[in-house]
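Input sequences plus hints: build the corresponding full structure.
Numbering (our numbering) for the first sequence: 1 to 930.
I should point out that these hints are in silico values taken from the structure, not numbers from a laboratory. Treat the numbers as computed from the prediction; the structure is a model and nothing was measured. Some clues are possibly wrong.
In silico SDA-like links for lysine to any residue, alpha-carbon gap of 20 angstroms or less [stated by the list, open to error]:
1) K526 - L514
2) K530 - G481
3) K111 - K409
4) K860 - S811
5) K295 - L338
6) K372 - E204
7) K409 - D350
8) K118 - G481
9) K530 - M417
10) K185 - Q532
11) K218 - D291
12) K185 - L338
13) K735 - W905
14) K530 - Q124
15) K111 - R88
16) K764 - Q674
17) K295 - E343
18) K426 - V582
Each pair of labels, with its calculated beta carbon distance range [said to hold, decoys possible]:
19) G224 - H380: 50 to 58 angstroms
20) E271 - D636: 43 to 51 angstroms
21) E553 - N815: 52 to 60 angstroms
22) D671 - S607: 50 to 58 angstroms
23) G916 - G39: 53 to 61 angstroms
All C-beta atoms in this analysis are idealised placements derived from N, C-alpha and C, irrespective of residue type, glycine included.
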Amino acid sequence: MNAPEKLKDTLNLPKTDFPMRANAVVREPARMKHWEESGIYAKMQKKNLDGPSFVLHDGPPFTNGDVHVGTALNKILKDSILRYKNARGFLTPYLPGWDCHGLPIEHKVTKKLRASKKEFDSVQLRQECEEFSKSYIETQRAQFKRLGVLADWEKEYRTMDPGYEAEILRTFADFVEQGLVYRSKKPVYWSIPCQTALAEAEIEYYDHISPSIYVRFKVQGEEGNAYLVIWTTTPWTLPANLAVAVHPRESYCEVKTGDVSYWIAQPRVDEFCKECGFSDYSIGETCNGSDLAGKVTRHPFIDRDSPVVSAEYVTMDTGTGCVHIAPGHGLDDYLTGLEHGLEIYCPLDDGGKYLDDGQIPQELVGLSVLEKADGSKANHAVLEILNTTGSLIAQKEYHHQYPHCWRSKSPVIFRAMDQWFVSLDKEDLRARCMDGLKDVSFTPEWGRNRIHGFLESRPDWCISRQRSWGVPIPVFFDEDGNALLDFGLIKFLSEKISVEGCNLWFSQTPEELLDGYELPDAWKGKKLIKGQDTLDVWIDSGCSHKAVLRRNEETSWPADLYLEGSDQHRGWFQSSLWTSIVSSQAAPYRRILTHGFVVNGEGKKISKSDGKPQTADSYVTKYGADVLRLWVCSEDFRRDIPLSDEILDQAVRAYRTLRNTLRFQLGAIHDFSQKEHGVEVEEMSPVDLWALSKTNELIREVTDACEKYEFHRAIQSINRFCSGILSSTYHDVIKDRLYTLDVNDPLRRSTQSALLMVFECLIKLIGPFTPYIADEAWAFGQSGGEYCEDALSLQNWPQEKVLGSGEIAVSDIQNLLDFKDSHVNEALESLRVKKEIGQSLDAEVELHIFGDSKLGEILKRRSLVELAELFIVSSVVVKNLPSEGTNYVTAQHAPGTRCPRSWRWVPELVYVEPWGEVSPRCAEVLAKFG
RNA sequence: GGGCUCAUAGCUCAGUUGGUUAGAGCACCGUGUUGAUAACGCGGGGGUCGGUGGUUCAAGUCCACCUGGGCCCA
1 MNAPEKLKDT LNLPKTDFPM RANAVVREPA RMKHWEESGI YAKMQKKNLD GPSFVLHDGP
61 PFTNGDVHVG TALNKILKDS ILRYKNARGF LTPYLPGWDC HGLPIEHKVT KKLRASKKEF
121 DSVQLRQECE EFSKSYIETQ RAQFKRLGVL ADWEKEYRTM DPGYEAEILR TFADFVEQGL
181 VYRSKKPVYW SIPCQTALAE AEIEYYDHIS PSIYVRFKVQ GEEGNAYLVI WTTTPWTLPA
241 NLAVAVHPRE SYCEVKTGDV SYWIAQPRVD EFCKECGFSD YSIGETCNGS DLAGKVTRHP
301 FIDRDSPVVS AEYVTMDTGT GCVHIAPGHG LDDYLTGLEH GLEIYCPLDD GGKYLDDGQI
361 PQELVGLSVL EKADGSKANH AVLEILNTTG SLIAQKEYHH QYPHCWRSKS PVIFRAMDQW
421 FVSLDKEDLR ARCMDGLKDV SFTPEWGRNR IHGFLESRPD WCISRQRSWG VPIPVFFDED
481 GNALLDFGLI KFLSEKISVE GCNLWFSQTP EELLDGYELP DAWKGKKLIK GQDTLDVWID
541 SGCSHKAVLR RNEETSWPAD LYLEGSDQHR GWFQSSLWTS IVSSQAAPYR RILTHGFVVN
601 GEGKKISKSD GKPQTADSYV TKYGADVLRL WVCSEDFRRD IPLSDEILDQ AVRAYRTLRN
661 TLRFQLGAIH DFSQKEHGVE VEEMSPVDLW ALSKTNELIR EVTDACEKYE FHRAIQSINR
721 FCSGILSSTY HDVIKDRLYT LDVNDPLRRS TQSALLMVFE CLIKLIGPFT PYIADEAWAF
781 GQSGGEYCED ALSLQNWPQE KVLGSGEIAV SDIQNLLDFK DSHVNEALES LRVKKEIGQS
841 LDAEVELHIF GDSKLGEILK RRSLVELAEL FIVSSVVVKN LPSEGTNYVT AQHAPGTRCP
901 RSWRWVPELV YVEPWGEVSP RCAEVLAKFG
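As structure tokens, then:
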């Protein structure tokens, strides 16, 4: 070391290469790469091989785009939990997954293929979908890594892996084996020109003009001419009418005109009479909707009854309050049909033409319901019939938005089709599921209530989809449409698929697929046709507990934790539960933790119109991963999680504070080696013990918060610690001894010993939340450079230091600091306002203390030098008050002369060659410089 | 429209079984320092706890209704 030239150079000022600015955008990726190359994930697992395991099972994100900020939030929380648990000694295997199948991908790929004008079949479509999914797996994996997520990327799972697909089919086979799967009709959107089923995402809404008609249904079994009047804009569905629905708690009244009376919901009467042109009418009886339910009406032109049922969704906004129900042609109608045991009746063929089923009037048979330029033939014909039978009360044109097919642009219809269902009540399945939840913990606790509600009310699970990009339902049909649904056959096929993947189903003939399997006698020799449907993708991800937890030796079943957004109460948590109860008779998770959704600064859902980016990457490339993680962990994620520039700026500032705190500490211990200079806790000075005590408190708070998954409380504690305990108190107080005392002064080494403990502890506590800066600071602390052998992630969670008899000193210091806050600073501030002093070292304070007070007792144990240091003033004078009185403080400018080295005012300076005049204490230190 | 849920200073959060003038950190304003300096200290202003009504000696904390937001359905 060069000989000091200036007095300032004789001070031990902080020194560190730890940069003040993070430059996270460049340096974080380098650190991630270092982690990866040094195999940090594997080392973390190895460290805890003998520990208990903590299995967090990853819910697979969908692979159709960049990582969304909400998905990033989810992964960050998972990573933080796992880093914490690992530090606590748990073995924490983490196998991330990808949800690959599904309509959104098929939709995008189909659009692309259609734009290229190439012909394609389902095999080619699936090929493209696979490529699409794979490319986003690459993208998302890189983005997750960038967030700092540590995982066993070598063993990630994909729902499109052959082994996984086979597991899906085995699960389906379990459902079949237990007799839970049945075939029934359900309405779907149907495009007549394309002769295909459509999903909601394939629907576009356009303005459309429909006939608006009022039709009367005669009430049966009563005297007189009483009718219920329905209103509809799809006359062609009337032949499939099987009921009329009313709202049970609305009032209905009898509108009398001529010798007939019409039952109409009371709020709709005026509108109805106007539409029908009734000028001369009177109101008769009134009753509740529930009183009408149970009555029976007559279909206006088909020989059958149409019962009156009640339904909650009947509105008073339009129509008559009496709703035409065709269970085969609408979702509400369908559910009402299920509820009342109605047939899911749909007398249309694939081309949208009425079938001749013995019920449809002959004049309608063969007519198409498809709307063309001149309207729908079916509508015209039905209106004709209604007119001739006198059932039509009024008719006009109705302008509204109507769903159209995204390809043919023609209006779609709702049409019931054969689908596969899982019965949820057979074998007590539903009850067993709800029972299985009893062993599951929920955070927040209301999650239990929510999932329970879904389980209770959901109708049977429709598991078939008319799609290509998914796992096929391996069922064969004979030429009469009979289905061969055989669990033995499904298991047989799953073995083939476990090797070759599902493409086999699409590329091979039935004969090839069945090669090696003996068909049941009744099916031998028949010509078989492959089923076209695929399984609901919720089965895909819902099997992950089997496909992943049971098939990997690192993991165990059930998982300790599932952690997803609260939308998954309805989704993955539920589908996983059904499959798990069927296959394993218990829930696949011990705890369900849910987070809310990311919303904007106003608390509204984030949308493109906000003009804010929604991909995680757009934030990471601007702020770095630690800042984004700090944002995530600062929020109470159980409710909505707001994100705005202001909030991110806040995270930036918190990050800077953290960074500066660590940087100051690194600088302060730059010449300290625990081995060479370490001071034992018992030997430490009181203020150092106080700092350790406060650190113990921080450990308790952060640990408690982490155990409850309340990271925001941990972050708040850490922020408070950095500013209140360190920056404004401890760090401020110890500057004098660190800077001005001899390097080896016991007091200085005591403080450095404590500081190192506080430093390492703080780093370990922030490690789960902001791993980049934590690892960086740790490395600088260990080696003085960017990286070190024994990385932070391999350290255990900090433990509280035992202070023993030091607790008394701690209590004294705490009391004195409280007194400083409440009295001393006030006195100093008033001097400062009067411009009598600048920094507090310019002052002398007088403590006027009531002798028998608590503070009086404390002062007996403490020296004036100690007090001056604690108050950061040049001198302290204690004046005892008479026996009665209140403690108070006065302050004045310190007497004497200012030492140019320590800046403290002393009675007299001493001359030291070659430095000049300094305080006696500094003179002693300088003497050693020779 | 239904189920679940949330609502405390500009922002992020505390607030124990209802009990004295509702707290913290950040931001803001003023100010000091210039030996943590694109940093740090000190001081200050700021909330009637979404609204209304009720229970109670006493409510941010219990009850009812309303308003606004979120998720999931319809």
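Structure-based check of all given hints:
Taken as a hint, the K526 and L514 pair is honoured in the structure, with Cα atoms around 13 angstroms apart against an allowance of 20 angstroms. Among the hinted pairs, K530 with G481 is consistent with the structure: their alpha-carbon atoms are about 11 angstroms apart, no more than 20 angstroms. Of the supplied pair hints, the one linking K111 and K409 holds, its CA atoms being roughly 14 angstroms apart against a limit of 20 angstroms. With a C-alpha separation of about 14 angstroms, the suggested pairing of K860 with S811 holds against the 20 angstroms cut-off.
At most 20 angstroms may separate the alpha-carbon atoms for a hinted pair to count; K295 and L338 meet this at roughly 19 angstroms. About 17 angstroms separates the Cα atoms of K372 and E204, which keeps this hinted pair within 20 angstroms; it holds. The suggested pairing of K409 with D350 holds, with an alpha-carbon distance near 17 angstroms, which does not exceed 20 angstroms. Between K118 and G481 the alpha-carbon distance is near 32 angstroms, which puts this suggested pair outside the 20 angstroms criterion.
Of the supplied pair hints, the one linking K530 and M417 holds, its CA atoms being roughly 17 angstroms apart against a limit of 20 angstroms. Straight-line distance between C-alpha atoms of K185 and Q532 comes to about 16 angstroms, which keeps the hinted pair within the 20 angstroms bound. Distance hint between K218 and D291 is fulfilled; the C-alpha atoms sit about 16 angstroms from each other, no more than 20 angstroms. The suggested pairing of K185 with L338 holds, with an alpha-carbon distance near 11 angstroms, which does not exceed 20 angstroms.
A distance of roughly 16 angstroms separates the Cα atoms of K735 and W905; the hinted pair therefore holds under the 20 angstroms criterion. At roughly 18 angstroms between alpha-carbon atoms, K530 and Q124 fall within 20 angstroms of each other, so this suggested pair holds. With a CA separation close to 50 angstroms, the supplied pair K111 and R88 exceeds the 20 angstroms bound. Restraint check for K764 and Q674: the C-alpha separation of about 18 angstroms stays at or below 20 angstroms, so the hint holds.
The suggested pairing of K295 with E343 holds, with an alpha-carbon distance near 18 angstroms, which does not exceed 20 angstroms. Only pairs whose Cα atoms come within 20 angstroms are accepted, and K426 paired with V582 is accepted, the gap being roughly 11 angstroms. Range check, G224 to H380: Cβ separation about 33 angstroms, and the 50 to 58 angstroms hint is violated. At about 48 angstroms, the CB distance of E271 to D636 agrees with the hint of 43 to 51 angstroms.
Evaluation of the 52 to 60 angstroms hint for E553 and N815 yields a pass: the beta carbon distance comes to about 57 angstroms. Range check, D671 to S607: Cβ separation about 55 angstroms, and the 50 to 58 angstroms hint holds. A hinted range of 53 to 61 angstroms holds for the C-beta pair G916 and G39, which are about 58 angstroms apart.
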